[in-house]
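**Student:** Kindly produce the complete structure, drawing on both the sequences and the hints.
There are 2 protein chains.
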Amino acid sequence: MSLALDPAAQDLLFREARTANTFTDEPVTDEQVQAIYDLVKYGPTAFNQSPLRITLVRSPEARERLVAHMAEGNQAKTKAAPLVAILSADNEFHDELPALLPHFPQAKDMFFAERPVREQSALLNAALQAAYFIVGVRAAGLAAGPMTGLDFAGVQKEFLDDDHTPLMVVNIGKPGEDAWFPRSPRLAFDEVVTTV
Amino acid sequence: MSLALDPAAQDLLFREARTANTFTDEPVTDEQVQAIYDLVKYGPTAFNQSPLRITLVRSPEARERLVAHMAEGNQAKTKAAPLVAILSADNEFHDELPALLPHFPQAKDMFFAERPVREQSALLNAALQAAYFIVGVRAAGLAAGPMTGLDFAGVQKEFLDDDHTPLMVVNIGKPGEDAWFPRSPRLAFDEVVTTV
Chain V
1 MSLALDPAAQ DLLFREARTA NTFTDEPVTD EQVQAIYDLV KYGPTAFNQS PLRITLVRSP
61 EARERLVAHM AEGNQAKTKA APLVAILSAD NEFHDELPAL LPHFPQAKDM FFAERPVREQ
121 SALLNAALQA AYFIVGVRAA GLAAGPMTGL DFAGVQKEFL DDDHTPLMVV NIGKPGEDAW
181 FPRSPRLAFD EVVTTV
Chain C
1 MSLALDPAAQ DLLFREARTA NTFTDEPVTD EQVQAIYDLV KYGPTAFNQS PLRITLVRSP
61 EARERLVAHM AEGNQAKTKA APLVAILSAD NEFHDELPAL LPHFPQAKDM FFAERPVREQ
121 SALLNAALQA AYFIVGVRAA GLAAGPMTGL DFAGVQKEFL DDDHTPLMVV NIGKPGEDAW
181 FPRSPRLAFD EVVTTV
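Line order of the protein sequences matches chains V and C.
At position 127 of the first sequence (counting the first as 1) the number is 127 in UniProt numbering, and the numbers step up by one without a gap.
At position 71 of the second sequence (counting the first as 1) the number is 71 in UniProt numbering, and the numbers step up by one without a gap.
Be a bit skeptical, because a hint or two may be false.
Identical chains blur together in the list; that is why a pair holds if it fits in one copy or across any two.
[Stated by the list, open to error] Below, computed lysine to any residue pairings styled on SDA-like, alpha-carbon distance capped at 25 Å:
| id | residue 1 | residue 2 |
| --- | --- | --- |
| 1 | 79 | 194 |
| 2 | 174 | 7 |
| 3 | 157 | 123 |
| 4 | 174 | 154 |
| 5 | 157 | 82 |
| 6 | 79 | 95 |
| 7 | 79 | 38 |
| 8 | 108 | 148 |
| 9 | 108 | 149 |
| 10 | 157 | 116 |
| 11 | 79 | 109 |
| 12 | 108 | 61 |
| 13 | 108 | 74 |
| 14 | 108 | 56 |
| 15 | 157 | 4 |
| 16 | 108 | 72 |
| 17 | 174 | 8 |
| 18 | 79 | 34 |
FYI, nobody ran anything at the bench for these hints, they're computed from the structure.
**Tutor:** What follows is the structure, given as structure tokens:
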């Protein structure tokens, strides 16, 4: 069974792409991030709510503050990566909803008037967008190093506000020497998929 | 700024791909689902925990039971789609962790001994995998129709168990007539990305 997606693209995005733990010094430019965003912004979210927000940590001072909140095993690579991004969910995404969903502006008040409902929806949909973003980083010919080993409350306090829930931090760049472990096994189809 | 991913693949996965609301009658085979899974299983998750589980709703009787739990606006398309999949997070993914992470089997007990920690991690990582799955459906030349308008507790009770949290239901097939609304606007780069 062959896919419609050509094999080179399959390799670039999934089969050959790997989570990088080391990077070269080559910078990641704003233009590259813009190109990634301009691709992955089209990935679907519920009601087109698009709750993902991206904080690029570029200044050495900000990088230092971020590294202090990373788990010890993630500090060296977070310090060394050409670019580091904090991905978060905007729990007040509903303010943008009338603009994002012009054919159904009443969705804002019908479905998202309550903060706990928004938080739950923002978390799921920003996570979908985080995955699109990782795929987009790979589409740009770069490696992503997504990490959840960090002090989330600390990162939120240091870089975000009460309306933004951090999901993960992603190192971005060209893979360096010994950039990854051997690929770990995946679950077999029958361990994941059942039919009713 | 051009991406490494070729333009045809960009169109197939993001730019031209759309959430479908109608489908042709052409079946979606198990071989197609296998090909999708064999691609997207390589998408990264924390500790390679791979918590996504997929329930293919194939029998007419099961389809009927599922439709009854969908929001009214989602019932007709869930009834008509060639294939419908329930995506869920396995909160007991840690049982598989020593096999999935052979170089660090102690992660199971070091990080995932507590059920609330597992639930939170499974939710985030299964959501990432749900996005990879949507991208994979598109990579197979099919359209996905992901939906969260449904009775989650009802779907869990009807099709899953206490260890599996449903995330969404996805209609899958070739797009039919008037399969989608016009594309809704996306947020501008500067509304999503900030630099510190």
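**Student:** The structure should be examined with respect to each hint, and the outcome stated for every one.
**Tutor:** Hint-by-hint comparison with the structure:
| no. | hint | in the structure |
| --- | --- | --- |
| 1 | 79 to 194 | between (43 Å within a copy, 19 Å between copies) |
| 2 | 174 to 7 | both (21 Å within a copy, 21 Å between copies) |
| 3 | 157 to 123 | both (18 Å within a copy, 23 Å between copies) |
| 4 | 174 to 154 | neither (28 Å within a copy, 46 Å between copies) |
| 5 | 157 to 82 | within (24 Å within a copy, 47 Å between copies) |
| 6 | 79 to 95 | neither (35 Å within a copy, 33 Å between copies) |
| 7 | 79 to 38 | neither (27 Å within a copy, 34 Å between copies) |
| 8 | 108 to 148 | between (30 Å within a copy, 16 Å between copies) |
| 9 | 108 to 149 | between (34 Å within a copy, 15 Å between copies) |
| 10 | 157 to 116 | both (20 Å within a copy, 23 Å between copies) |
| 11 | 79 to 109 | neither (43 Å within a copy, 28 Å between copies) |
| 12 | 108 to 61 | neither (38 Å within a copy, 35 Å between copies) |
| 13 | 108 to 74 | between (38 Å within a copy, 19 Å between copies) |
| 14 | 108 to 56 | neither (29 Å within a copy, 32 Å between copies) |
| 15 | 157 to 4 | neither (44 Å within a copy, 36 Å between copies) |
| 16 | 108 to 72 | between (41 Å within a copy, 19 Å between copies) |
| 17 | 174 to 8 | both (18 Å within a copy, 24 Å between copies) |
| 18 | 79 to 34 | within (23 Å within a copy, 39 Å between copies) |
Comparing the model with each numbered hint stated earlier shows that hints 4, 6, 7, 11, 12, 14 and 15 do not hold.
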